[in-house]
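Peer 1: Take a look at the letters that make up each chain.
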Amino acid sequence: MAFVSRGFRGRRRDPAESARVPPGQYVVDDFPVLSAGPTPHTPLEEWSFSVVSPAGDVLRRWSWEEFRALPAETVTTDIHCVTKWSKLDTTWEGVPVDDLLSDVEHDAAYVTAFCDGGYTTNLPLEDVLDGKAWIAFAFGGEPLEPEHGGPARLLVPHLYFWKSAKWVRGLRLMDDDEPGFWEALGYHMYGDPWREQRYWGD
Amino acid sequence: MELVPETPRATTLVLDVPGWPGHRAGQHVDVRLTAEDGYQAQRSYSIASPPGAGRIALTVERLEDGEVSPYLVGELRPGDRFELRGPVGGYFVWDGEPAPLRLVAGGSGLVPLMAMLRYRAAVGAAAPARLLVSARTLEDLLYRGELERLADDDEDLRVAVTLTRSAPDGWSGYDRRVDRAMLSEVLGPPADDGRVFVCGPTRFVETVADDLVALGYDPARVRTERFGPTGG
Amino acid sequence: MEDADLRLDGNAAAGLLAEVFALELTTAVGTCGSCGARGEVGSLAVYAHAPGVVVRCPRCDAVLLRLVRGPGRTWLELAGVRSLELRSPEGA
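Protein chains in written order, with the numbering used here: chain A, 6 to 207; chain B, 15 to 246; chain C, 41 to 132.
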């Protein structure tokens, strides 16, 4: 059993910010790099973003140029990583997922984001619509660095940050909620930081 | 517990570990700290002391914005307790085999390799040994006096140092980043016996391992241990 | 003995599993299920700055092993490993 190490506090949040920080999280000023594999470096001319049907058919596809021509929004938000750090007031630029799905006919209830490098994560469709999710291509006013998911990553700030998949290349519409890379191995299917949904059964 | 300053940034913790089962040269331990509210942080530290030395020594580099290392070298006092798991790792270890021992260290990557050299000296192992260690400055070089003494007393041990940031006047060692020519000069031609142990930050280890293979070293004889971004 | 008598319960493997899972794993030789590369576990590529630990093949980057630790629970997945050859100490 663990015993307390006298005088050890670890990284602490400022109590003044506690209303903004979900339970069990601490605030960081840097931007930790988390990665489950080597960083892909897909050239922009080979990059595309696709919306795929449950059967695997490509319904819509944008080249980088086409994607960047779509109207983008600037978002300032807090992000919460399941490894317990939170970062406040991060500023992103991205295309709302609403706009990428708006003229696609379907009756799916879930999506799976898929990425360069093979990473996947699953979300209810309603959690990426109504201004809750973006395909982000800039952070802090600069093009998104590859180590942070560039050229583009999913941004779903109201869920734990593993749902904001780095190096995203598309969304697959799903009839059922199929677990992604981490959700298949103990991590929560939904991942609400305010309810501390870290692991299965939380 | 005893604290021994090594360099401006590194300190050795000498610990009495009740029930310590003994270790092999090159192994590490996992240190886990628990705060009063249950928050935990865990890091791995290589063991610097040789097998059979009684107390165990961990050399910890203090990372300014780190979480565990400032506690271990700044806050910890004799009588304090923390959790230690280990020794762990059976891959990056040297058990005193007589075949030539070749070691390449970047920064605090010297720690597990020092356990090997100390063990080699303690048991009078027959293995000829060569060490190439890269440090930013002479002040940052760990175990400097001890390395000099070990090499002076032993014609089968060659120690070469390269200083990558600044070298003192009259410095006769290397003063550049480790490269193929340096590896070839210090380690000699690839041999078909013995092992090469490479330890250091991820990019250092990757470059050295690639260079060794390019020089003709059998990848199966090159054992690597990358530190990675520890977050300290 | 009839075929129907051959099936046992998982508990029958308890001793064997306890023996195997206690062995030093970093010197075990793994074979990648994707590209067939063989190497000691200690030589594989590990990504630990993540919600879990991901072990990949250094040749083809395929995921060989994943491990997630939660409070009181550990999840282990070995689907990418074709085989793992473990050595018993002193040839036991």
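One or more hints might be untrue.
As the list claims (entries may be wrong) - Short derived list, chain B residues pointing at chain A, Cβ under 7 Å:
hint, residue
1, D44
2, L47
3, A49
4, Q56
5, E78
6, Y85
7, E89
8, F96
9, G100
10, Y105
11, D109
Unchecked claim - Quick list of simulated restraints, FRET-style, between CB atoms:
hint, chain 1, residue 1, chain 2, residue 2, range
12, B, L77, A, D108, 27 to 35 Å
13, B, L77, A, D103, 58 to 66 Å
14, C, A44, B, E111, 35 to 43 Å
15, C, T71, B, V102, 37 to 45 Å
16, C, A58, A, D108, 40 to 48 Å
17, B, V18, A, V33, 29 to 37 Å
18, B, Q56, A, D34, 35 to 43 Å
Stated by the list, open to error - Short, incomplete list of chain C residues facing chain A, as computed with Cβ under 10 Å:
hint, residue
19, A44
20, S83
21, A85
22, P91
23, V94
24, T114
25, E117
What the hints contain is simulated information worked out from the structure, not anything from laboratory work.
Glycine included, C-beta positions come from ideal geometry on N, C-alpha and C.
Peer 1: Of the hints stated earlier, which fail here?
Peer 2: The structure breaks hints 1, 4, 5, 9, 10, 11, 12, 13, 14, 15, 16, 18, 19, 20; every other hint is satisfied.
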